[in-house]
Amino acid sequence: MAKRPAPEVNAGSMADIAFLLLIFFLVTTTIETDSGITRKLPPIDPEEQDPPPLKEKNIFIVLVSAGGDLFVEDELMEFEDLRDAAVTFLDNGGGTGDEACTYCQGPGDPESSDNPVKAVISLQNDRRTEYGTYIAVQNELVAAYNELRNREANRLYGADFTEMEAAFNDPNYQDDKEELKERIKKIQEMFPQKLSEAEPKR
Amino acid sequence: MSKFKKKGDGGTPAVSTASLPDIVFMLLFFFMVVTVMRDSSLKVQNILPFADQVEKLDKKNLIMYIYAGKPSPRYQATYGTEARIQLNDKYAKISDIQQFIKEERLSKRDELRDKLTTALKVDKATNMGLVSDIKQELRKAEALKINYTTKVGDATLNLQ
Numbered sequence: 001m002a003k004r005p006a007p008e009v010n011a012g013s014m015a016d017i018a019f020l021l022l023i024f025f026l027v028t029t030t031i032e033t034d035s036g037i038t039r040k041l042p043p044i045d046p047e048e049q050d051p052p053p054l055k056e057k058n059i060f061i062v063l064v065s066a067g068g069d070l071f072v073e074d075e076l077m078e079f080e081d082l083r084d085a086a087v088t089f090l091d092n093g094g095g096t097g098d099e100a101c102t103y104c105q106g107p108g109d110p111e112s113s114d115n116p117v118k119a120v121i122s123l124q125n126d127r128r129t130e131y132g133t134y135i136a137v138q139n140e141l142v143a144a145y146n147e148l149r150n151r152e153a154n155r156l157y158g159a160d161f162t163e164m165e166a167a168f169n170d171p172n173y174q175d176d177k178e179e180l181k182e183r184i185k186k187i188q189e190m191f192p193q194k195l196s197e198a199e200p201k202r
Numbered sequence: 001m002s003k004f005k006k007k008g009d010g011g012t013p014a015v016s017t018a019s020l021p022d023i024v025f026m027l028l029f030f031f032m033v034v035t036v037m038r039d040s041s042l043k044v045q046n047i048l049p050f051a052d053q054v055e056k057l058d059k060k061n062l063i064m065y066i067y068a069g070k071p072s073p074r075y076q077a078t079y080g081t082e083a084r085i086q087l088n089d090k091y092a093k094i095s096d097i098q099q100f101i102k103e104e105r106l107s108k109r110d111e112l113r114d115k116l117t118t119a120l121k122v123d124k125a126t127n128m129g130l131v132s133d134i135k136q137e138l139r140k141a142e143a144l145k146i147n148y149t150t151k152v153g154d155a156t157l158n159l160q
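Each protein sequence line maps, in turn, to chains A and B.
In terms of the UniProt record's numbering, the first sequence is residues 1 to 202.
In terms of the UniProt record's numbering, the second sequence is residues 1 to 160.
Mixed in with the good hints, there may be bad ones.
Said to hold, decoys possible - With a cut-off of at most 20 Å between alpha-carbon atoms, the simulated EDC-like pairs for lysine to aspartate or glutamate come out as follows:
(1) K59/B x E165/A
(2) K140/B x E197/A
(3) K40/A x E55/B
(4) K140/B x D45/A
(5) K40/A x D114/B
(6) K194/A x E55/B
(7) K145/B x D45/A
(8) K121/B x E197/A
(9) K181/A x E55/B
(10) K145/B x E197/A
(11) K40/A x D52/B
(12) K145/B x E165/A
(13) K60/B x D170/A
(14) K40/A x E137/B
(15) K59/B x D170/A
(16) K56/B x D170/A
(17) K56/B x E165/A
(18) K181/A x D58/B
(19) K115/B x E165/A
(20) K40/A x E142/B
(21) K194/A x E147/A
(22) K40/A x D133/B
(23) K56/B x E163/A
(24) K115/B x D170/A
(25) K40/A x D58/B
(26) K56/B x D160/A
To be verified - Here are some of the chain B residues that sit facing chain A, going by a computed Cβ distance under 7 Å:
(27) L27
(28) R139
(29) Y148
(30) N158
Rather than coming from a laboratory, the hints here were simulated on the basis of the structure.
All residues carry an ideal CB built from backbone N, CA and C; glycine is no exception.
Sequences and hints are given; from them, build the entire structure.
Below, the structure is given as structure tokens:
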């Protein structure tokens, strides 16, 4: 019996098969990372406790009505003005003595907030408010905080706060992370994000 | 005549495509590694609102997704147009959220459980009532880190 040499397998179609797989994975997968506004919910306290006493002037009430209208401290406001109003409120620094704010650049109106550390923004909404509107308002308030934090970060460390945070979250960051953490903490203490989201009214 | 034949013999050989599969496989593995499989198909309309003060959410495996919105057009005949919640692949009730969070937590390693974030992918036309209910359930389940997933853009686009 003469032995026939085994015929070589044609590998020419291998590329086609691989391309097919490649295209399948390209279609079924996603690369883009999600991004959004990160917030922390308040924990539910086991027993009802009285909320800590807050002075009326340290609370900045933002109400988004069912129709999407914006009421700031009971007055109708245009959406475009919200950021500036929030910045003015937070940065007011009207306190004296122990409550004085050394880094505020606001008007120091005694009728408005004493100190950014004490200032609370209360965001209220109706159950029929549209989510998009709510996010837009939320976004503006976070922007107000970021604006002030950036200002202080630039003054103290010569860098934007948002950039510092991004660098901190970047796993490839080379320099001293502890130092960066300290700096971020310092700025966060100067302008703590006290944004209370009340449960909506019926 | 013979002049031309000779030239043909000594001409450049065809480029070998034998390594093409290897190259393509390399690409394939690259994409398999850097991407994440879409794990659930959407049953709700999901037009996200815009915001520009956003933070990126890395670490896909540490995110729990909660979708909410009106049912997609092809489900509207069965489920109506009232906004609904979707967990994994199914429509869910508000009361299912706590169980869902519990299951997600159990599926992760111990040291990672605190780092779980809940991403709320909510359609921008949804009423806040539903969102507040979700938030309330998340507070009960002690999943306090949340992220309102948005598209990056000017927030005033939401108001139109």
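- Satisfaction of hint between E165/A and K115/B, Cα-Cα up to 20 Å: Status holds; Cα separation ~17 Å.
- For the pair we were handed, K40/A and D52/B, check the Cα-Cα distance against 20 Å. holds (18 Å)
- Take the C-alpha atoms of K40/A and E137/B, compute the straight-line distance between them, and say whether it is at most 20 Å. Measuring from Cα to Cα gives roughly 14 Å; hence the hint holds.
- Query: Are the Cα positions of K194/A and E55/B separated by 20 Å at most?
  - Reply: Answer holds: K194/A to E55/B is near 18 Å, not above 20 Å.
- Pairwise hint evaluation, D45/A against K145/B, where the allowed Cα distance is 20 Å at most: holds (16 Å)
- Regarding the pair K40/A and D114/B, is the alpha-carbon distance no greater than 20 Å? holds (13 Å)
- Hint consistency between K56/B and E165/A [alpha-carbon to alpha-carbon, up to 20 Å]: holds (11 Å)
- Message: What's the verdict on K59/B and E165/A, does the C-alpha distance respect the 20 Å limit or exceed it?
- Response: holds (16 Å)
- Item | Pairwise hint evaluation, D170/A against K60/B, where the allowed Cα distance is 20 Å at most | holds (15 Å)
- Measure nothing beyond the straight line between the CA atoms of K140/B and E197/A; if it is 20 Å or shorter, mark the hint as holding. holds (16 Å)
- Restraint check for K115/B with D170/A, where alpha carbons must lie at most 20 Å apart: Given pair K115/B, D170/A holds - Cα atoms ~16 Å apart, limit 20 Å.
- Pair hint K56/B and E163/A, alpha-carbon separation not exceeding 20 Å: Holds, because 12 Å separates the two Cα atoms, which is no more than 20 Å.
Of the numbered hints given earlier, the model fails none.
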